[in-house]
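Q: So the chains spell out like this:
Number of protein chains: 2
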Amino acid sequence: MKPLFHPDIDDVAPADIFAALADPIRLGILVALSDATEMDKARCSNFVGLASPSLLSYHFAKLREAGITHMRVEGTSRYLSIRRADLDRRFPGLLDSVIEAAQRDPSLPRVPEPAQAKG
Amino acid sequence: MKPLFHPDIDDVAPADIFAALADPIRLGILVALSDATEMDKARCSNFVGLASPSLLSYHFAKLREAGITHMRVEGTSRYLSIRRADLDRRFPGLLDSVIEAAQRDPSLPRVPEPAQAKG
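In the order they appear, the protein sequences are chains D and L. Using our numbering, read the first sequence as starting at 10 and increasing by one per residue. Using our numbering, read the second sequence as starting at 10 and increasing by one per residue.
Just so you know, the hints here were simulated from the structure itself, not pulled from any lab data. A few of these clues could be false.
[To be verified] Here's a subset of chain D near chain L, in silico, CB distances under 7 angstroms, partners left out:
hint, residue
1, P23
2, A31
3, P33
Just so you know, even glycine gets a beta-carbon here, dropped at the ideal spot from N, CA and C.
Construct the complete structure from the given sequences, taking the supplied hints into account.
A: The following block contains the structure:
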């Protein structure tokens, strides 16, 4: 499998970042990731409630190619995380204010809570 | 002349804001406006160095329809300003971090300084 492309954060222009954020589903993914304290929550398969698998793949790629997220492939699972350290270094304060703005949007698509494995 | 449409800031979704920011020319306009201390600098005709008149009109409309800027028509002149109070109320911190991010982009189109009218 070809390794996934992740741009050097210094090559990312602000307009690329904003283009990647210009979609409610991608903002919904970002908000869910910002809240993911458990590794399991960031499993790509947890986002199936938001869009069809092919559309989700498209949105994941958009976020990754803009330098916003990192995707890790482990066996048959894919895990997403926000490139917080990179983003905070290159654009201080931007990520937090974007997430806060997105959280204020009542119409933003919400990722369903993953089912509890343990009772 | 039909009055220009300016959306209620509470009707603006974060994704609309980011879509309007997803262009280097519009970010360049925003950075120039953020720096406009003199009224004359915000005259729309000062932006002619950035793009053709019809393209500029398109970009001005995108920014205005996303709730980011206000356009005032006075005689044959049009004046642009950032809706800072509205944006800061609805999305605290977002505008400043967007402008700071845009200012860090060395490839951002810069608006030429207006010619000094007085020596």
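Q: Give a verdict on every hint.
A: Quick rundown of the hints versus the structure:
no.	hint	verdict
1	P23	holds, 4 angstroms
2	A31	holds, 4 angstroms
3	P33	holds, 5 angstroms
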